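Protein sequences appear in the order of chains A and B. Read in order, the letters of the first sequence are residues 1 to 237 in full-length UniProt numbering. Read in order, the letters of the second sequence are residues 1 to 282 in full-length UniProt numbering.
Honestly, the hints are just simulated from the structure, not real lab data. The structure presented is a predicted model; accordingly, all values stated were derived computationally and were not measured. Cβ atoms here follow ideal geometry from the backbone N, Cα and C, with glycine treated the same way. Among the clues, some could well be false.
Some, not all, of what chain B presents toward chain A, calculated at C-beta under 7 Å [said to hold, decoys possible]: (1) F73; (2) R89; (3) E98; (4) R121; (5) G125; (6) S126; (7) V131; (8) P177; (9) P179.
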Amino acid sequence: MTTRAEYCVIACAEAWRGDGEVLASPMGQIPSFGARLARRTFSPGLLLTDGEALLVGPDGRPEGWLPYRRHLTMVTGGRRHVMMGASQIDRYGNQNISCVGDWERPTRQLLGVRGAPVNTLNHPVSYWIPKHARRVFVERVDMVSGVGYDRAVGPYHHLRRVVTDLAVLDFATPGHAMRLASVHPGVTVDEVRAATGFELVIDGDVPDTREPTPEELRLIREVIDPAGLRDREVAPR
Amino acid sequence: MTDKTMTPDEAVGRLRSGMTLGIGGWGARRKPMALVRAVIRSQITDLTVVSYGGPDVGLLAAAGRIRRLVAPFATLDSVPLEPHFRAAREQGRIAMTEYDEAMFMWGLHAAANRLPFLPVRAGLGSDVMRVNPGLRTVTSPYGDGEEFVAVPALRMDAALVHVNRADRAGNGQYLGPDPYFDDLFCEAADTAYVSCERLVDAFPSGTAPQTLLISRHSVTGVVETPNGAHFTSCVPDHGRDEPFLRLYATTPWPEFAARFLSGRTEDDYQAAVRAWREEDRT
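The following block holds chain A by itself, in its conformation from the complex (with noise of 0.2 Å):
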């Protein structure tokens, strides 16, 4: 039986699939796993860092030097694609980190843009929700860390999709609207209408987001996360 946790890890894996010889830098322990299985498997060429300074092979061994401004020159050179999180997303992928309320005085502030302008700028990128919610997914967010479609300058602007708990999104309409591209097996498109606080695009039957193969299963289980972190990310159910 496949759990919740690894239908998230192979939705955030399937982000990194075709990408070749670029950095997966995903943020969260289930978009990493996702980034290592789809290196383990269908995206050989994906680089991957320890999270330092090191690019890394899948048994953690370093193939490269990452330092920060190393890290800068991948990200406006083009060769990365981020799992980024979302404090807030709007339909067109405008994404918040930076605070919520009045940027001039917040009600509460978090990190601050950090990477979000130049990374949606500059290569692809997609972004992980543990906890797909109302709050989160709101009509207009408070402060645009990440640019969205209908705000998108320059040539390389490109959201690829949004995993969470509940489903997969993309911008695939003609007006790059999010639109809900597969549920995970057990959850209802209604139940992902109503976490959601704005209209999603919905064409026709939403199909569920697919089953890892048994060697998936297996790398998931056995060499990428035997201790099961996956499931403290997204529980059971």
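Could you slot chain B onto chain A? The hints should help.
For chain B alone, kept in the frame of chain A given last:
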């Protein structure tokens, strides 16, 4: 060769209220904390702080020394949100110039290279442009005609950085995995003070040249402060002090400041930390 060694308090004695102060390191990594603590012992205030922010920002904000923060974030890494930075922002006690990480780096590069600005593909479309209405754009003069943000030079009056080793002339060596942007901070500032875990008379022959990050021409003063990055990391000399970091993040500021920051010198701080550790163990 000029001997540039001084104590933390002598280095900070060269600073003045109202200055623009750059602080090296990244988040809770290799921050010149002994020098930050010396600022808190001084009367210096009204600072514009330029930093990839960590507890340096939190401490200075809580102590009421920051007028304006120029930063893309402030974090303790293992504790994602910096509590004192948050409180200062939520209570409207500090002004902020919010930059993206790359904009910030190119601002340092521009300052180090005596350029008024550098063009970047970052910021456009985001609310960084809304909250920093002074930012200008430039159009590529070549065929593509793309529009960029012209990030202004982040020129500073003084920079504070921390490295693993330094000599008396101000050459600084890092032994960890990441130089962060410390050499750029020194070059982007009119004066720079380098604290180090250990002062050396000379770097041994066979020293890997690429570890010699900071060059003496960009350094004003050298300060030996063993464990001076505490409680941030300074690998391989020491990692991050996670129990102390959590103490810092959860203790009300007046209580924390009274216990750890009310001494007259950096040695008093280090002694207070040792006493806490003994107590914590029992």
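Violated hints, by number in ascending order, as checked against the structure: Hints that this structure does not satisfy do not exist here, as all of them hold.
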